[in-house]
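Engineer: Start from the sequences, fold in the hints, and give me the full structure.
Chains A and B, in that order, give the protein sequences. Take the first sequence: its position 142, counted from the start at 1, is 248 in the working numbering, and no numbers get skipped. Take the second sequence: its position 139, counted from the start at 1, is 277 in the working numbering, and no numbers get skipped.
Treat the hints as calculated values from the structure; they're not laboratory data. Keep in mind it's a predicted model, so treat the numbers as computed, not measured. The reader is advised that the hints may include incorrect statements.
[As the list claims (entries may be wrong)] DEER-style ranges, computed between Cβ atoms:
no., chain 1, residue 1, chain 2, residue 2, range
1, B, F407, A, D275, 43 to 53 angstroms
2, A, V128, B, R151, 27 to 37 angstroms
3, A, H122, B, V399, 58 to 68 angstroms
4, A, V134, B, R418, 17 to 27 angstroms
Even for Gly, the Cβ is constructed at its ideal location relative to N, Cα and C.
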Amino acid sequence: MSEPSVGREPLIRLEHVSRRYVRGVDEVHALEDCSLEVSQGRFAAFMGPSGSGKSTLLNLVSGIDRPSDGRVFVSGQLLNELDEDELAAWRARHVGLIFQFFNLIPVLSARDNVALPLLLSDLSRAERTRRAEIALRVVGLEHRVDHSPRTLSGGEQQRVAIARALVSDPDLIVADEPTGDLDAKNAEATLDLLRQLKEEFGKTVVMVTHDPRALRFVDQVFHLDKGLLLEGEEARRAHDALALAAGGPVRAREV
Amino acid sequence: MGFVGLVWANLLRNPLRSLLTAGAVALAVLLVCILLTMPAGLDALISRIASNTRISVVNEAGLVYTMPYAYARKIRALPGVEDAMAQMWFGGAFEEEGRVTFPNFAVEADRVETVFPDWNIAPEGMADFRRYRDGAIVGRETMKKYGWKIGDRITLRSTIWPVALDLRIVAEIPSDRAPVLWLNRDYLEQTLEAMGRKLGIAGIIWVKVRDPKDVNSVMLRIEELTKNSDAETSTQTEKSFFSSFFGSLEGFVTILMTVTVLVSLCIVFIAGNTASMAVRERAGEIAVLKAIGFPRRVIFSMLVAETLLLASLAGAAGVGLAYALTTALREVAAGSAQLGPLGGFIVTRGVVIEGLVLSLAIGALAGFVPAFGAARRPVAETLREIF
Numbered sequence: 107m108s109e110p111s112v113g114r115e116p117l118i119r120l121e122h123v124s125r126r127y128v129r130g131v132d133e134v135h136a137l138e139d140c141s142l143e144v145s146q147g148r149f150a151a152f153m154g155p156s157g158s159g160k161s162t163l164l165n166l167v168s169g170i171d172r173p174s175d176g177r178v179f180v181s182g183q184l185l186n187e188l189d190e191d192e193l194a195a196w197r198a199r200h201v202g203l204i205f206q207f208f209n210l211i212p213v214l215s216a217r218d219n220v221a222l223p224l225l226l227s228d229l230s231r232a233e234r235t236r237r238a239e240i241a242l243r244v245v246g247l248e249h250r251v252d253h254s255p256r257t258l259s260g261g262e263q264q265r266v267a268i269a270r271a272l273v274s275d276p277d278l279i280v281a282d283e284p285t286g287d288l289d290a291k292n293a294e295a296t297l298d299l300l301r302q303l304k305e306e307f308g309k310t311v312v313m314v315t316h317d318p319r320a321l322r323f324v325d326q327v328f329h330l331d332k333g334l335l336l337e338g339e340e341a342r343r344a345h346d347a348l349a350l351a352a353g354g355p356v357r358a359r360e361v
Numbered sequence: 139m140g141f142v143g144l145v146w147a148n149l150l151r152n153p154l155r156s157l158l159t160a161g162a163v164a165l166a167v168l169l170v171c172i173l174l175t176m177p178a179g180l181d182a183l184i185s186r187i188a189s190n191t192r193i194s195v196v197n198e199a200g201l202v203y204t205m206p207y208a209y210a211r212k213i214r215a216l217p218g219v220e221d222a223m224a225q226m227w228f229g230g231a232f233e234e235e236g237r238v239t240f241p242n243f244a245v246e247a248d249r250v251e252t253v254f255p256d257w258n259i260a261p262e263g264m265a266d267f268r269r270y271r272d273g274a275i276v277g278r279e280t281m282k283k284y285g286w287k288i289g290d291r292i293t294l295r296s297t298i299w300p301v302a303l304d305l306r307i308v309a310e311i312p313s314d315r316a317p318v319l320w321l322n323r324d325y326l327e328q329t330l331e332a333m334g335r336k337l338g339i340a341g342i343i344w345v346k347v348r349d350p351k352d353v354n355s356v357m358l359r360i361e362e363l364t365k366n367s368d369a370e371t372s373t374q375t376e377k378s379f380f381s382s383f384f385g386s387l388e389g390f391v392t393i394l395m396t397v398t399v400l401v402s403l404c405i406v407f408i409a410g411n412t413a414s415m416a417v418r419e420r421a422g423e424i425a426v427l428k429a430i431g432f433p434r435r436v437i438f439s440m441l442v443a444e445t446l447l448l449a450s451l452a453g454a455a456g457v458g459l460a461y462a463l464t465t466a467l468r469e470v471a472a473g474s475a476q477l478g479p480l481g482g483f484i485v486t487r488g489v490v491i492e493g494l495v496l497s498l499a500i501g502a503l504a505g506f507v508p509a510f511g512a513a514r515r516p517v518a519e520t521l522r523e524i525f
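Structural biologist: This is how it looks when you write it as structure tokens:
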């Protein structure tokens, strides 16, 4: 893992980004004219109701999707310039992904699931195994390396998924509703773990969530609604409503 | 774990489905391999039962027409001919059965040894065949079938001549060739003459050529001899005679091969459908692999590798089964006169290669379409639909 290196340079910069796609006969405006920056070493959240465009925004930031308009820079790379395969190679090097439903391969052990991203590297099998075990130790699952996903609890599966996101030592960790399928205790443990990745390893973490508890862990919140990034009074009102529901001291500031 | 481990783990995800698909591929390959042995097997069968220096002479109009018996004598006089034997269908049946249950012919007893030396009939038996006009020699299988032994007496009523002949079995034909009964032509001729009728004809004349290199010239001379007569003849070596006889069987093999190709195509579609189902069930996982950076070519290769691995293992099993089956058949045939020729059906190296290539083709074709579709689909689109 790299040493913590919190800097002021934005790791993520979006300039007037829009994303539209066709669903059946309708054109869906998933995101409109969105501009934002997330500095390196920050823990940011995209929040908003369903259909607000937060997952679309996350896909654009992680290089899974490309914008219809505007420009997306991550780690100094303009993602618009990359084709599908170049984006895949870029993601493998720079992004660790965490999903709501964990999405582990059920026929593989926890260790092999974590080692999956390293299959694309030139590392030897022994080195891949070693790094996967280190990542599992980081998330506190060193005693479960040989277990298959179906023998792990939901919280443990999500920690395996976090280890998988971490194992290739990416600049950016992206999580899509990481607490959405977890109970309160595991949800808090997962948010805490993501915070640790930021604080102990200097990772930039970006997360989509509905969970108001996230405000107690993240540094920065972007509020979205109907494909628009909220600003000013609207953003403050959305933030205050969530802060009330957070049930504890709020660390994050609205953007 | 490497890519091979990942492919293998995915194959074992649903063992029953993989096993059933592999079983279908293995059976198709087994069927094809067995059928591929048939042309070579038929050649071996013909070589085993036929001689290249024995010529059959029949009426050009067909086997059911006869020729003058005098042709046999004239043919014997031709250069290059060692001997010739006239054979006439007797069509004898048991009174109680009323129909012919094994082939039986009247032949010239004193010509059998020279025209059919490769039949290895016991010399004392042949001497008795020549000595007793009511003597008969019988194929081993027919002997077994009726429980006869040397010295037994039987009566056969001809279905084409108005006679019933009492016969004494004097020798066995000790080979797995035709299950025939041969009786003495003189006996039939004299019986007919006693009734005021004359035989005077032959159905087939078997000609033994002294030197294999003279076969073609002798055949030409025989055809020249009978040209422009009332009964022109057609000649061919015994081997080609049986080849013609089995010609219809080769046509049957062609039909079987066509059906087998269609069956193989069916297996491609079945395996392709199974692969599509597997890919559909794992669409989420495949999307996640793409999201974490697996390029399209790697996803495509992994999915095709799954069907290739399954099909090649199944193909190897199919080839192995075909080999075991033909080997077992050969061993059984070695001890059985009736099944003896089946020992010619051998899974050669060529058949093994063709079977394995077929299984690889099934795997590649079955995996291509679902793998291509899964690899080509944009990751964002799949994630949007699935999650």
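Engineer: Take the hints in turn and mark each one as holding or not.
Structural biologist: How the hints compare with the structure:
In this structure the hint that B/F407 and A/D275 lie 43 to 53 angstroms apart at CB holds, the actual value being about 46 angstroms. Range check, A/V128 to B/R151: about 34 angstroms between beta-carbon atoms, so the 27 to 37 angstroms window is met. In this structure the hint that A/H122 and B/V399 lie 58 to 68 angstroms apart at CB holds, the actual value being about 60 angstroms. The hint said 17 to 27 angstroms for the Cβ distance between A/V134 and B/R418, and at roughly 24 angstroms that hint holds.
Hint check: no violations occur; every hint is consistent with the structure.
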